[in-house]
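Listed here are the chains, written in short residue letters.
Protein chains: 4
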Amino acid sequence: MTEPVSAQQPNVIRIAHGIFYVTDLERSKYFYVDLMGLNILHETEGALYLRGNEDREWTLKLELAPEAGVKHLAYRVGTPADLDAMTALLDRQSIPYRWETELDRPKLLRFQDPFGVPVAFYAESVKHQWLLQDYHLHRGAGLQRIDHINIMTPDVEGVMRWYMDNLGFRLSEFTEDDKGRIWAAWIQRRGSVHDLALTNGTGPRLHHFAYWMPDMQSIIRLCDILAGARMPESIERGPGRHGVSNAFFLYIRDPDGHRIELYTSDYVTADPDFEPIRWALDDPRRQTLWGAKTPKSWFEEAAPLEAFKGGWVEAKAGELVGLPVHVI
Amino acid sequence: MTEPVSAQQPNVIRIAHGIFYVTDLERSKYFYVDLMGLNILHETEGALYLRGNEDREWTLKLELAPEAGVKHLAYRVGTPADLDAMTALLDRQSIPYRWETELDRPKLLRFQDPFGVPVAFYAESVKHQWLLQDYHLHRGAGLQRIDHINIMTPDVEGVMRWYMDNLGFRLSEFTEDDKGRIWAAWIQRRGSVHDLALTNGTGPRLHHFAYWMPDMQSIIRLCDILAGARMPESIERGPGRHGVSNAFFLYIRDPDGHRIELYTSDYVTADPDFEPIRWALDDPRRQTLWGAKTPKSWFEEAAPLEAFKGGWVEAKAGELVGLPVHVI
Amino acid sequence: MTEPVSAQQPNVIRIAHGIFYVTDLERSKYFYVDLMGLNILHETEGALYLRGNEDREWTLKLELAPEAGVKHLAYRVGTPADLDAMTALLDRQSIPYRWETELDRPKLLRFQDPFGVPVAFYAESVKHQWLLQDYHLHRGAGLQRIDHINIMTPDVEGVMRWYMDNLGFRLSEFTEDDKGRIWAAWIQRRGSVHDLALTNGTGPRLHHFAYWMPDMQSIIRLCDILAGARMPESIERGPGRHGVSNAFFLYIRDPDGHRIELYTSDYVTADPDFEPIRWALDDPRRQTLWGAKTPKSWFEEAAPLEAFKGGWVEAKAGELVGLPVHVI
Amino acid sequence: MTEPVSAQQPNVIRIAHGIFYVTDLERSKYFYVDLMGLNILHETEGALYLRGNEDREWTLKLELAPEAGVKHLAYRVGTPADLDAMTALLDRQSIPYRWETELDRPKLLRFQDPFGVPVAFYAESVKHQWLLQDYHLHRGAGLQRIDHINIMTPDVEGVMRWYMDNLGFRLSEFTEDDKGRIWAAWIQRRGSVHDLALTNGTGPRLHHFAYWMPDMQSIIRLCDILAGARMPESIERGPGRHGVSNAFFLYIRDPDGHRIELYTSDYVTADPDFEPIRWALDDPRRQTLWGAKTPKSWFEEAAPLEAFKGGWVEAKAGELVGLPVHVI
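Residue numbers (the UniProt record's numbering), protein chains in the order written: chain A, 1 to 328; chain B, 1 to 328; chain C, 1 to 328; chain D, 1 to 328.
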């Protein structure tokens, strides 16, 4: 951690879970559980609650629905008092909210941030015995824990400022064009590179949901597993080394097109005087340190978000148009 | 980070550096720089300032001296105001202190904790360009960043309580005997498993100083490098997987006997309601998950600490005698 | 391959399989299949036929028996004509033999070498689709293929000479004491470091049976898997780097005490003028390049071999007594 | 090894070295020695003799020349008698040849195969102490040993048959189009997947020269090293897993455009009844098991070969035109 946070400001600990709508639960189960190796914590009629080997709570819920999309993305706060601080903040900004409940999570504060992202905040969750040292039970690539999410939005700077100003997120890295306009930002609360990444594009939409991996070899193993299962088309980008974050990464697409990143080996941002790293938009080493090109789909495709009032949040294109160089 | 800390309590960020006295600087330079791969940030008459590939500051200073030992261990605090909070704390507890200075660190608050450990706290340091992505410059095993220190002491519980009660350290894991007496403890500030580990034994002495490694293979590479250099005797224990922390580890001894741990792949402790993990003293999986025995030297040898008033802190044996099982 | 072999000399291709007697097939199945990750090619009443992911034939047969031991060790020869060359050789040396059959192996030439090792040679076997690229089906540590066997014998030099003089085995490495007596030898046919290793000790007995692993990380994974399954005691030695062969290794003991080595990353010996590497008996880097000590059990325990006429081959102690240094 | 070879047929052991013409020796030295980590065995006016950590001889000679290209590719034969068998073969086929000499190689039989590839065969070479276990001296990515070469030719089947019929090469894998025409072939002598690969295209030209790597991580390290040195453009393709050979690979281009493959983790082909693996030309898993696309340059660019009579061998396009699918 870094500076003490004011009593008014909610203490956000970390990104904590996501809820995906999927159209074929059996197909998704094969993909997430049998191939990727996420663990089933709970299985109910129409829903799977998954977690990585280190996670003590479910971190990804798959919910059967007629259309694929994202119900919400949730953050863990320190204590119930922080939820009061959250509602005070929402009241001040006239942002509507409601209380919801999920399995193991009795109290979720649900709202839509000013930029259209459906989020939920909670302070309490039932903890379960982790599987980290039950190596004989690990399967697939052995996903370890939730790491971060990435939101595609036409207003990267706006979203970035709201989370930094109101919730104490700190900036790790950012991408600027030659006019000083921010195309992407990585912000965090727990001393890692990011809990929340923001990428310029038509949105708001969920660009990807990321799990931490124990090592590079486990990421390579997933490529081999997907190839073995004759699903190479689900590998969208990588493996490679990001310039931003320095992480070794892989992007895959689940059967509904949800993008999952497997991520490992970044760095620590604990110091309060950490200086955010700036990248030029067209630096070929930014996207992939090795200079590999990024497929166009990675810049254009993302998942719709459920609106607070129901239906999907309308995705809008932004003013920052065109793609960076090094796109296939 | 977790809960907001009170205004009175200094905000300790992380363990930040160590200063070792060594008796042959050239010999140490070959070991730390050429073989291990630490980087020289500054070299002065009689001293080397070293850092890992991710470190933006020097994290280990080697100082030529007639006898090997440890000058002090330093922690980074959030801001200069936290140093004032530290001096207020020391005044309240009548602990003598003085201000010192080191290269790149104009203001170090130096004192001896109530259990005899010489420590220094600082808020400001000159930052340097890191080498993390200058992979073509990485050498040896590629040590990445300072991770933690381990102090051997006859009063593990006493030291643990002092750092937790006064400086907000949080407990990650601990080892108890069947009488409920604490033999070892792992406490932290930055959401990792530990900044400070405490091991029962004659002390206070420095048991080891640890660097984070990018992966297991880099740790194995150091074994190969030391074997190639015909110094296999400098490998004391490992490589292996700790039960405690789940880290993949290696312990080596430098030419003066200072013990360095190479450490990777532990887990996150960010949640405020994280429940400390308890280990039974004689659980063979605690020391090494794989059941490998630990050499006796690991339990008995450690480095002397410089006393606040000069000379060495007197090391005392404790009441918790005898070794755990699974010792060679 | 190297020099052409004379028409008289049978062309031995490689070590090909082993048959172990085990006392509890279910327990062995859990160990070899569920934990280690060998694949079941055939399962019959009282027997399991196993193979690695690359093996196109079964390479290890587990046969239920009242006592644990080894039925025989088998080598693949080039063609049926080589079996005729074998029988001619055996007739010349008055070595009794018989023809046996195994599942997928219609014709096995079974005999006992002059030093008491029960061996079988075959030219034809049913080939099966390999699993090497069916990564989604790989389990456990992912053992890849049979690599070599190690026989403990009181007459290392005698056995070595017999296989080299009669079957064209070539010497890769050997260990000598200061009197020039050979304590261990590694001999091969297929251009690897060894098909057959010989270790001085009470014998003949099977010291270990080894599988090639795709990488070091898979070997480390098995340590974690065995620890997860709460069977750390089955890890006898390693992981480490051999001085001899340069391989990264791990030795484990199955529930009946059979020793399995997981082995990777050695070197090529294809050149006919390859000069065998000599090691001094007490060179600490020979056993483990890193200087790690070897447990006494590794030098003393091995599996009994079935005699050609039934019962167990009597194991005799040799003249080379005492253990090398660096034993725990 | 497999079947005995006829007395008439030369016994080819393995691919043994290549000689590249480079236009800037200092620039090449930085690339091959400082970044890749090949070792200098000899350095003369205008030439560098390089080897991997396992190589006991130089395996790549870089010779300063006005134009980049390949002087010849050399194979090791068993004994001087095999060179006589070679000249007898060349005489029978009226193929002109001459004797040349290279540093450490007093007698090289130099000729041009019927398809235009300049080759040299030798039986004797000065052996040098290897560096395999001198890990403290390894640099860069730690290239281990020469593995294979790949020739681009308009007559894959013709070249394949010549080496198989006259020199006993054995087929490991091949690619066919739907008309049964062979587009690529992998043939070997030493029980690995290949010493010589043949790829359809304008030629004869050298497509790539490959070194064996100790593991996947070393290959990834080279990507990081080249990125660190700000030369990401020298990474042409990969890292990835080949469908053919199952190897984990990376293709890089040296400053003159010579293509080097780093290659590890294939399989053994020792059995005489090994059945060659057939791949359909448009199987996306053939080129890269993960389905990654291959850059066009990989199919179109290759290095010119020196003609027996001097100058460059004229490269001709073949009848098999068009590119496989999955090209960027």
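Don't take each hint at face value.
One copy or any two copies: either way a pair holds, since identical chains are not told apart in the list.
[Unchecked claim] The list that follows gives simulated cross-link-like pairs (lysine to aspartate or glutamate, EDC-like), each with its CA atoms no further than 20 Å apart: (1) K71 / E45; (2) K293 / E233; (3) K309 / D91; (4) K293 / E236; (5) K309 / E157; (6) K29 / E43; (7) K127 / E176; (8) K296 / E67; (9) K71 / D271; (10) K71 / E100; (11) K293 / E67; (12) K29 / E67; (13) K316 / E157; (14) K127 / E275; (15) K107 / E176; (16) K316 / E100; (17) K107 / E63; (18) K29 / E63; (19) K179 / D134; (20) K127 / D273.
The set of hints was computed from the structure by calculation and includes no laboratory data.
Quick rundown of the hints versus the structure:
1. In this assembly of identical chains, the alpha carbons of K71 and E45 lie at most 20 Å apart only when taken from the same copy (17 Å versus 53 Å across copies).
2. When the C-alpha separation of K293 and E233 is checked against a cutoff of 20 Å, the pair qualifies both within a copy, at 17 Å, and between copies, at 11 Å.
3. In the homo-oligomer, the alpha carbons of K309 and D91 lie at most 20 Å apart inside one protomer (18 Å), although the nearest pairing across protomers, at 57 Å, exceeds that limit.
4. In this assembly of identical chains, K293 and E236 lie within 20 Å of each other by CA distance both inside one copy and across copies; the values are 12 Å within and 11 Å between.
5. Taking the closest pair of Cα atoms, K309 and E157 never come within 20 Å of each other, the shortest separation being 25 Å inside a single copy and 54 Å across copies.
6. Taking identical chains as interchangeable, the C-alpha atoms of K29 and E43 lie at most 20 Å apart only when both belong to the same chain, with a minimum of 10 Å there against 30 Å between chains.
7. In the homo-oligomer, the alpha carbons of K127 and E176 never lie at most 20 Å apart, since the shortest distance is 41 Å inside one protomer and 23 Å across protomers.
8. Taking identical chains as interchangeable, the C-alpha atoms of K296 and E67 are never at most 20 Å apart, the minima being 24 Å within one chain and 38 Å between chains.
9. In this assembly of identical chains, the alpha carbons of K71 and D271 never lie at most 20 Å apart, being 34 Å within a copy and 24 Å across copies at closest.
10. In this assembly of identical chains, the alpha carbons of K71 and E100 lie at most 20 Å apart only when taken from the same copy (12 Å versus 55 Å across copies).
11. For a Cα distance limit of 20 Å, the shortest separation of K293 from E67 qualifies neither inside one copy, at 31 Å, nor across copies, at 30 Å.
12. Taking CA atoms no more than 20 Å apart as the test, K29 paired with E67 passes inside one copy only; the shortest distance there is 17 Å, against 44 Å between copies.
13. When the C-alpha separation of K316 and E157 is checked against a cutoff of 20 Å, the pair qualifies only within one copy, where the shortest distance is 15 Å, while the shortest distance between copies is 56 Å.
14. Taking the shortest Cα distances, K127 and E275 sit within 20 Å of each other only across copies (9 Å), while inside one copy they are farther apart (35 Å).
15. For the homomeric pair K107 and E176, neither the shortest alpha-carbon distance inside one copy (39 Å) nor that between copies (36 Å) is at most 20 Å.
16. With identical chains, the CA atoms of K316 and E100 are never at most 20 Å apart, being 28 Å at best within one copy and 57 Å at best between copies.
17. Taking identical chains as interchangeable, the C-alpha atoms of K107 and E63 lie at most 20 Å apart only when both belong to the same chain, with a minimum of 19 Å there against 56 Å between chains.
18. For the identical chains of this complex, K29 and E63 are intra-copy neighbours only, at 11 Å inside a copy versus 37 Å across copies, given an alpha-carbon limit of 20 Å.
19. Neither within a single protomer nor between protomers do K179 and D134 lie at most 20 Å apart by alpha-carbon distance, with minima of 51 Å and 28 Å respectively.
20. Taking identical chains as interchangeable, the C-alpha atoms of K127 and D273 lie at most 20 Å apart only when they sit on different chains, with a minimum of 10 Å there against 34 Å within one chain.
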